[in-house]
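Go ahead and model the full structure; you've got the sequences and the hints to work with.
Single-letter residue listing:
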Amino acid sequence: MGKTFAEKVLARASGQSAVVAGQIVDAAPDVILTHDNTAAIARIFRALGQARLKHPERHAITLDHAVPAPNTQHATNHAEVRKFVAEQGIKNFFEVGRGICHQVLSEEAIALPGDLVIGADSHTPHFGWLGACGVGVGRSEMAAVWATGELWLRVPESVRIMVDGALPFGVTAKDLALKIIGDLGADGGIYQSIEFSGPAIEALSLDSRAVLPNMMAEFGVKNAYIAADDKLLDWLAPRRWKTISDFRFQILDLESLPANAQSEIKNLKSQIQNRAIYPDPDAAYAATHRFDASALEPLIACPHAVDNVRPLSQVRGTRVQQAFIGTCTNGRLEDLAAAAAIVRGKQVAPGTRLLVIPASSQVMMEAMQLGYLGDLMAAGAVIGTPGCGPCMGNHMGVPAPGEVTISSANRNFRGRMGTRDSEIYLASPAVVAASAIVGHIADPREML
Amino acid sequence: MLFQGRVWKYGDAVNTDVIFPGKYTYTLTDPREWAKHALEDLDATFAGTVQPGDIVVAGRNWGCGSSREQAVGALKYAGVKVIIAKSFARIYFRNAINQGVLPLVCPEAVDAIAAGETIAVDAAAHTIHCARGLFSFPPLSPTIHAILDSGGLIPMLRKRFGAEHLPMPEIKGGE
Ligand code: SF4
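Sequence lines, in order, name chains A and B. Here this note's numbering is used: the first residue of the first sequence is 1, the next is one more, and so on. Here this note's numbering is used: the first residue of the second sequence is 1, the next is one more, and so on.
Derived by calculation from the structure, the hints in this document are not laboratory data. Any given hint could be a false lead.
Take a look, some chain B residues computed to stay more than 10 Å from chain A by CB distance [as the list claims (entries may be wrong)]:
#1 Met1
#2 Leu2
#3 Pro31
#4 Lys36
#5 Glu117
#6 Thr118
#7 Ala120
#8 Asp122
#9 Arg132
#10 Leu134
#11 Phe137
#12 Asp149
A short, non-exhaustive set of chain B residues, derived as facing chain A with CB atoms under 10 Å [stated by the list, open to error]:
#13 Leu42
#14 Phe93
#15 Ile154
#16 Arg160
#17 Phe161
#18 Ala163
#19 His165
Straight-line alpha carbon distances no greater than 30 Å define the calculated BS3-like cross-link-like pairs of lysine-lysine that follow [as the list claims (entries may be wrong)]:
#20 Lys266/A / Lys8/A
#21 Lys54/A / Lys159/B
#22 Lys266/A / Lys91/A
#23 Lys86/B / Lys36/B
#24 Lys159/B / Lys83/A
#25 Lys86/B / Lys9/B
#26 Lys54/A / Lys8/A
#27 Lys179/A / Lys86/B
#28 Lys179/A / Lys8/A
Cβ atoms here follow ideal geometry from the backbone N, Cα and C, with glycine treated the same way.
Below is the structure:
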């Protein structure tokens, strides 16, 4: 009997030749992710009587949840994180403004195909977009991982989601994610490992692929997975090279690199490929769900649950005071490009605000060079510092009571953005941008 | 371990944002303060009237959403030691165990139990006793029992590392 991705990755991480779904293993993560919560975890860590991290080189820390610090309390927290980073000699530390943890660790090629990534963040399944196994844990558990270098995990059952066809014009990976969650429910993937496959998945751009495992956190999963293909490896290898060679510039111009760099990158690509993990064709799945991408339309998750999904046509016309494009789900270059294409030459409607927060500084720089930020600003958008922004209600664009937000984020729970008396609709960046221009929920396909 | 307490009953898909709002995760550090905000966006009467030993009974996917541990801690410091649900969100389930709160999966019991009644839970016998009968739940693994018996993951590791004399930190935030 063949093995699933989850069985293979957890066998390797626990140093066993084979494990099966249902088994409990002690697994050692390759990458250990924390963010603004590092200081709080460090306090628990110290209460364990530990002075040094077991594996400082496996750690990656990003300041992203409230950046730049909106008040003294957050600033003090950031200062405590920096002190800990210096004390422990953590090399993979990313300052305020570099971007959201999941995006940054991808861009920096810190997480790689076949890795077990443990994050003190519920959207850690994100790393499945690069063929890694991303699993979220709470803070006490993270402190335990810091001290022991491992944690117990139950090998999850695996479920296949096969997507045929091709996405129609104006329909995105976000709509596919909402379709899956809407049809199968917010607990449809609880405790499971989801493996995506099929022609529609292979055809997705890399920016779009990242949306799917990220959104699967709202489906209850342990992790989600997309196989690493050549397109991904070609993207990752130069970034890995940049990270390990301490290349100083934020954006890589591949053509202008010297010949020896090119050959190092080629070697790295085959190293990464050799470590990648793929499920066996005869692996055992608890279920297989099939979707037809060609039959999809733009979808919206309505207040106050991510699985309260309706076709855009049913909610168009709903008045919005704020339109927010950003977050680890939909704050990448492709998302900003889609928004720029819609707002170019138009103006945000009176009474509505358009807030754009790139997922990382690299996304922001590229969007600037390509003119997207100019298009957005000319239309009246506000551009924020790369980071989580108002996604979890911390600062920088939280709604007032009674206001309605349309957002490209992943969660619309009551109170998520700060006040329980506001409503959040979730959609693709194109729908958010179109809604900002019209002032109510609108169909971007009519504006392109 | 035996537990007996009055029931607070809730529905499906109660998420961490209503159990403990995200806006407090980086600002409130005192667990007694968390308890005052427990479930405030779902049931405004809870925090003011909950008694130590009370038991939360809920539907499917209790605790979905954020990884914030205060969503367990707020209930724990309000006196809740047992949560019975049809199913738990994965991280919430782990967080509960790690903080020494017993998460029990028993859909039949959830359907039978009425809000406000007093029920008894026998962790060793894997049973729940309520007005409408006796229900059993699947036993938890020995790994999990070891953590619960120590009062949580951190107390267990403090014992293992000989660090019990060190002060305990408050456990903040999460996302
Ligand atoms: S952008 Fe939102 S969902 Fe993503 S890591 Fe930040 S707070 Fe969490």
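How the hints compare with the structure:
1. Met1: The claim holds: Met1/B sits with its nearest Cβ about 20 Å from chain A, beyond 10 Å.
2. Leu2: Correct as stated: the minimum Cβ-Cβ distance to chain A is 25 Å, above 10 Å.
3. Pro31: With a cut-off of 10 Å, Pro31/B remains clear of chain A, as the shortest Cβ separation is near 13 Å.
4. Lys36: Holds: least Cβ distance 16 Å, greater than 10 Å.
5. Glu117: The assertion about Glu117/B holds, with a minimum of 26 Å to chain A.
6. Thr118: holds, 29 Å
7. Ala120: holds, 28 Å
8. Asp122: holds, 24 Å
9. Arg132: holds, 25 Å
10. Leu134: holds, 27 Å
11. Phe137: Phe137/B clear of chain A: closest Cβ-Cβ about 16 Å, beyond 10 Å.
12. Asp149: Holds, because the least Cβ-Cβ distance between Asp149/B and chain A comes to about 15 Å, which exceeds 10 Å.
13. Leu42: holds, 8 Å
14. Phe93: Nearest chain A Cβ about 9 Å off; hint holds.
15. Ile154: holds, 5 Å
16. Arg160: holds, 9 Å
17. Phe161: holds, 5 Å
18. Ala163: holds, 3 Å
19. His165: Where the cut-off is 10 Å and the nearest Cβ of chain A is about 9 Å from His165/B, the hint holds.
20. Lys266/A / Lys8/A: holds, 26 Å
21. Lys54/A / Lys159/B: Since the Cα atoms of Lys54/A and Lys159/B sit roughly 18 Å apart, the hinted pair holds (cutoff 30 Å).
22. Lys266/A / Lys91/A: Judged against 30 Å, a Cα distance of about 25 Å means the pair holds.
23. Lys86/B / Lys36/B: holds, 26 Å
24. Lys159/B / Lys83/A: Since the Cα atoms of Lys159/B and Lys83/A sit roughly 27 Å apart, the hinted pair holds (cutoff 30 Å).
25. Lys86/B / Lys9/B: holds, 12 Å
26. Lys54/A / Lys8/A: Holds. Lys54/A to Lys8/A sits at ~24 Å (cutoff 30 Å).
27. Lys179/A / Lys86/B: Given that 30 Å is the threshold and the Cα spacing comes to 24 Å, the pair holds.
28. Lys179/A / Lys8/A: The given pair, whose Cα atoms are some 29 Å apart, holds under the 30 Å limit.
The structure fails none of the hints (numbered hints given earlier).
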